[in-house]
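*Asks:* Heads up: the protein sequence lines correspond to chains A and B, in order. Under my numbering, the letters of the first sequence match residues 1 to 224, in that order. Under my numbering, the letters of the second sequence match residues 1001 to 1219, in that order.
For the record, the hints were derived by calculation from the structure and aren't laboratory data. Check the hints yourself; a few may be wrong.
Stated by the list, open to error - Derived DSS-like pairs: lysine-lysine, alpha-carbon spacing no greater than 30 Å straight-line:
| id | chain 1 | residue 1 | chain 2 | residue 2 |
| --- | --- | --- | --- | --- |
| 1 | B | Lys1171 | B | Lys1114 |
| 2 | A | Lys118 | B | Lys1211 |
| 3 | B | Lys1045 | A | Lys19 |
| 4 | B | Lys1047 | B | Lys1141 |
| 5 | B | Lys1047 | B | Lys1114 |
| 6 | B | Lys1211 | B | Lys1141 |
| 7 | A | Lys210 | B | Lys1047 |
| 8 | B | Lys1114 | B | Lys1211 |
| 9 | A | Lys118 | B | Lys1171 |
| 10 | B | Lys1114 | B | Lys1045 |
| 11 | B | Lys1114 | B | Lys1141 |
| 12 | A | Lys210 | A | Lys19 |
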Amino acid sequence: MGYVFDYSWLGQYSGVLIKGVWLTVWLILVGATFGVALGVACAWARALGPMWLRPIVGGYVEVIRNTPFLIQLFFIFFGLASIGFQFSETTAALTAMIINLGAYGCEIIRAGIQATAKGQFEAGWSLGMSRLQTFWHVVLIPSLQRIWPALSSQIVILMLGSAVVSQIAAEDLSYAADFIQSRNFRAFETYIVATLIYLALAILLRQLLKGVGWLLFPKRSAAR
Amino acid sequence: MIEFTTWDILRNLLLAARWTVVLSLVAFTGGAIVGLAILFLRISKGKAARVFASGYIELFQGTPLLMQLFLSFFGLSLLGIEVPAWLAAGIALILWTASFLAEIWRGCVEAIPKGQWEASASLGMGRLQQMRHVILPQALKIAVPPTVGFSVQVVKGTSLTSIIGFTELAKAGQVIANATFAPFTVYGFVALIYFVLCFPLSKSSQFLERKLNVAHRNH
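Bound-form chain A, shown alone (with noise of 0.2 Å):
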């Protein structure tokens, strides 16, 4: 008994498909930018901060790191409004992804900010810049010229993970998947459909990415 393949549904629905895409593209946008910005105040805090505050940072990133992120979610989602704090389903997903993001972020913009010579903080000092001028010119935007590759995989995992939101009934492009198939009955193929704009995302964002790097990090003849 041979399979055949059904792609007609396509035209039908593919306002939900687009929508779903829509809120996939919104979510990884917004969460990347907040995400990378909680990621660098955990790097200051985590490498030059307090000493009171760097174990709590050091907590949180190991707490996140060490938990999938589907459970992050469940537990925002259900979990804290169960006790009173309530979400809506795409605010709670924004949310998880940038406490996921900034705990995955802060590990690697603090490694590139520890890979920083004590001179230049010194150099910097010299040159009458405030700590915050030399951390910001000095330390962070060489660091995270060094380690823009590796954030910008990271930011490209957390799209592909974003995918469970749909579990919360957030409504996504793995979400308009789950609707068109249990409409169409042809889930195999509406998968492969959705997997496939995944794909395209996947390699979209890291164009995108690289071009955000070139833009951010014009050619520094003094990077290192």
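Could you slot chain B onto chain A? The hints should help.
*Replies:* For chain B alone, kept in the frame of chain A given last:
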């Protein structure tokens, strides 16, 4: 209504965690075997083999594990067999793990100086002999820390198999949270058990990496 004690919750979660461990071991072992095969293709001399291997890696690393699980689940049932969730989960996790291990190990093989290949070739070794006696033993040493580090991703990856209906730790957490109406406690415990499984792996990966770096500096 039945009352659930904290111990009831924890005991049932721990029972389910056995399946997380078993599935992780299966995925990691199977993934290592398939990954080694992909690695050989990826660094082989034939162009077709290299293109196939990098396409494989791109495909499995560029798509969500969740979609791979669904495709494995529904794809296998197209063949007309009743697919148990554990089989679909095992196959998808093995293929996914293989793509990452192959890429990690390729980096390790490429870190071996070219002179090692040339020296062994000049001794008349064939490609397999070179790999077996010269390259892999050296690559293995630097491959251990990132491989152990990736095993954490495998353990966490198994949580997605709950979505296609395999009853492991995450699924048990969902069922128990629904039965007890105490999602905060239940998911807290679930996270704790995952943490207990993953944290030693993360730490030993970091420890091995530091040890390796020290060894390298003393050359």
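*Asks:* Evaluate each hint against the coordinates.
*Replies:* So, going through the hints one by one against the coordinates:
no.	hint	verdict
1	B:Lys1171 to B:Lys1114	violated, 48 Å
2	A:Lys118 to B:Lys1211	holds, 24 Å
3	B:Lys1045 to A:Lys19	violated, 45 Å
4	B:Lys1047 to B:Lys1141	holds, 28 Å
5	B:Lys1047 to B:Lys1114	holds, 20 Å
6	B:Lys1211 to B:Lys1141	holds, 11 Å
7	A:Lys210 to B:Lys1047	holds, 28 Å
8	B:Lys1114 to B:Lys1211	holds, 24 Å
9	A:Lys118 to B:Lys1171	violated, 49 Å
10	B:Lys1114 to B:Lys1045	holds, 15 Å
11	B:Lys1114 to B:Lys1141	holds, 17 Å
12	A:Lys210 to A:Lys19	holds, 26 Å
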